[in-house]
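A.B. asks: Sequence lines, in order, name chains C and U. For the first sequence, counting from 1, position 428 maps to 440 in the numbering used here; every step adds exactly one. For the second sequence, counting from 1, position 56 maps to 69 in the numbering used here; every step adds exactly one.
List of simulated lysine to aspartate or glutamate pairs, EDC-like, C-alpha gap at most 16 Å:
no.: 1; chain 1: U; residue 1: Lys15; chain 2: U; residue 2: Asp313
no.: 2; chain 1: C; residue 1: Lys203; chain 2: U; residue 2: Asp101
no.: 3; chain 1: C; residue 1: Lys238; chain 2: U; residue 2: Glu184
no.: 4; chain 1: C; residue 1: Lys447; chain 2: U; residue 2: Glu58
no.: 5; chain 1: C; residue 1: Lys357; chain 2: C; residue 2: Asp313
no.: 6; chain 1: C; residue 1: Lys447; chain 2: U; residue 2: Glu54
no.: 7; chain 1: C; residue 1: Lys478; chain 2: C; residue 2: Asp342
no.: 8; chain 1: C; residue 1: Lys478; chain 2: C; residue 2: Asp458
no.: 9; chain 1: C; residue 1: Lys75; chain 2: U; residue 2: Glu54
no.: 10; chain 1: C; residue 1: Lys447; chain 2: C; residue 2: Glu417
no.: 11; chain 1: U; residue 1: Lys60; chain 2: C; residue 2: Glu417
no.: 12; chain 1: C; residue 1: Lys473; chain 2: C; residue 2: Asp458
no.: 13; chain 1: C; residue 1: Lys521; chain 2: C; residue 2: Asp96
no.: 14; chain 1: C; residue 1: Lys447; chain 2: U; residue 2: Glu57
no.: 15; chain 1: C; residue 1: Lys75; chain 2: U; residue 2: Glu62
no.: 16; chain 1: C; residue 1: Lys339; chain 2: C; residue 2: Glu472
no.: 17; chain 1: C; residue 1: Lys144; chain 2: C; residue 2: Glu164
Note that these hints are calculated values from the structure, not bench results.
The primary structure of each chain is shown beneath.
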Amino acid sequence: MKRLIAIFLMITVLLVSMCSLSGCFGTTSENNSGDDLSSSGAKSNEIVVGIAQDPDNSLDPYKMTAAGTREVMFNVFEGLVKPDSDGNFVCAVASDYKISDDLLTYTFTLRENVVFHNGEVCDANDVLYSFKTCAATSVTSAVVTALSDITEISAEGNVITITLGSPNTDFISYVSSVYIVPDGYNEQDTKPVGTGPFKFLSRSVQENFIIVRNDEYYGDKASLEKVTYRIFEDATALFTALNSGALDLVAHLTIEQVESLTNGYNVLEGTMNLVQAIYLNNAVEPFNNELVRKALCYAVDKDAMLDLTADGHGTKVGSSMYPAFTKYFDEDLAEAYPYNPQKAKELLAQAGYPDGISFLIKVPSNYGPHVDTAVTLVEQLKASGIAAKIELVDWNTWLSEVYGERNFQATVVGFDSSILTASGMLARWETGNGKNMINYSNADFDTAFALAQSTADDAEKTKHYKRCLEILSETAANVYLQDLADFVAINPELEGYEFYPLYLIDMSKIGYKE
Amino acid sequence: MKYIFKKVLTLIITLLIVSLLAFLAFSVIPGDPTTKMLGTEATEEAKAELRAELGLDQPVFVRYINWLLSFIGGDFGTSYNYNMPVSDMLADKLPITATLTVMGFALTVVIALPLGLLAGSIKTKGADTAATAANQVVMSIPAFFIGIIICYLCGNVLKMFVPGMFVSYEESPIEFVKYLSFAALSIAIPRAAMTIKMLKGSIGSEMAKNYVITATSRGNSRSMVLIRHVFKNALVPVISFLAVSLAEIMTGAIIIEQVFTIPGIGRLLLSSISSRDFPVVLAIVVIMASWIVIVNFAADVLYQLIDPRIRIK
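Based on the provided sequences and hints, a complete structural model is requested.
C.D. replies: Written as structure tokens, this is what we have:
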């Protein structure tokens, strides 16, 4: 008995001393841990970035599925070419490339002093290995399809020649997705090795993800020595940490968060580069009727939607293309269906629904903006005699029920493109495409898309793609809403943040002001 | 000896049932892990291939047996999401939850024992009613709610810590303990209130016993009797309650880790469930179930040790 009491006493003493040591019950100085972190960051030239999604993927460059993982790993991996912030392709592992006039032969000259993060020198064999592995294992089906058209790939010294079976003007964008990795290295899942301006250092599940500067980088070396991504799967926690000054950079903030930010950080505004829409299952009642889909388009007040969900920020879109694709984006399409509840009712009556319709919207519960949009939507639709109900589902259920089994009437999500090509946005709407979640089937669209794919001339190709977009709008394939506004809060001591037309943040451009 | 054998058998059967239930639950809920692994662009063939590779195309029972055999062999499998061994992930996360549990438990004891003794020694009726009422209120507030209040008060208002800015042990051991102490406190408060209630009741019944009258009649003061004689005896039922608490604190940490965004096994469990990362979920469920069974077993043994009158058959 005495011994027991003694043990309790010991625990007490231990705990009290522990607490007084850490100062958890005593007076704590204003300098909390966050301030310490960011001030030390300034000195040692490193930053802490808050991210909302754990890169809970394999880190293998060809197996990364989550946009959040690709956003981070863009800094680690490079292809022969890589996209810049204007959407052009610049040389990366290749120092130069030529495309033959018939668009069939691509010749890349390998840059000489490229060294992998594991110290190996990058040679032509690594490039051949990367193309082979990517074609065999990539989870991006568009890339696999594009690579399957390669009839021959060979290396002579440091020159790599790729021959295609048919001309493909988009091919260079697929080349940028073929990240160059060392031949035979098989630990990419957990210890990725690339050629990028940053090296992977470590990751701790649900805690952090750390990359450090690649001092052997052939090009302009990054200014920052270390970037720590801290993972906050809880939006409130992310915001609290940001506002306390413990984080230097947070992207993808909402307007409410930006408005409640009081720490004096700079706020930059861009777009998310996705097409948010009410995606309608064109194969089920009542949306198998084009008139009903059109009625729904008229019943949604897109301007009010932007005002309500994002204080007017964001860009309206009228088809499956976001504004960063300047070449294809047609802003007139966004005005194709002006808000008109009366007209919506008439169209519904014409379609045989004089008493209005009711339907169910399945929304992934983890995406706040889509949930907000759905809630606003339900209210707006009431004016046109449409009764919509929301069913929140978790992301995995959404993937299997809505995306996989296509067991839904309507859903609100955003589609983005993992590659910088129009077909990245449009291929899915071809009749019978495995990713055609809405079961869209339109012969004119299929023809226009096929023409765009097979045409070598760029102007002609663009024309066909634009036609595809018009057809999607004319047939009211979906109720197109907007490209969401993307807000970035950044420590005012930092500079160099650039928005890309893809979902990524280029850390190599960011640095502390002199 | 026979007793231990019985307990071990109970443990094994419990774990078998728990893991089987987890397995069955996963075969019922919608969602396919290969979708998460291969992304939305994957072809059906690729998914089918991966399913076959992971053995997901086999019947539940076969999968269960396979899992069981490798689990017994010490192989916890590989996480579907992270593509890394589950054991590595647990080695990373378990110490965090364990520290939180130990701290929460220690705080409970430190708060409850002195206050319980104090509560038991109150003589005035009014003060006693007030103390009981206050204790009752604290007891009924769930830990997660106290956690939210602590986050707001100590974090947002008093700026003692940044809620969400968890500091790992490697970064700074002191900051690590400091961050966890707030979470431990919110675990400890309602649990301490329960312990106080038990201790007070136990002291009350002990005080009515004859040995108290004897001790008092020998000239001992009331507080002397309380501390030297009554307290020890009153502790007996409380200790087994505390031991059970230890089991509940760890499983309850799932919620507290959520409130304080502590990356322990609780958070890992939740995210693994939503991403259908079966191997991770199963490993954590089995760990938690074993913990509960083992702690309860330890409580029984402890009970016997401190009170030799109790004999376990």
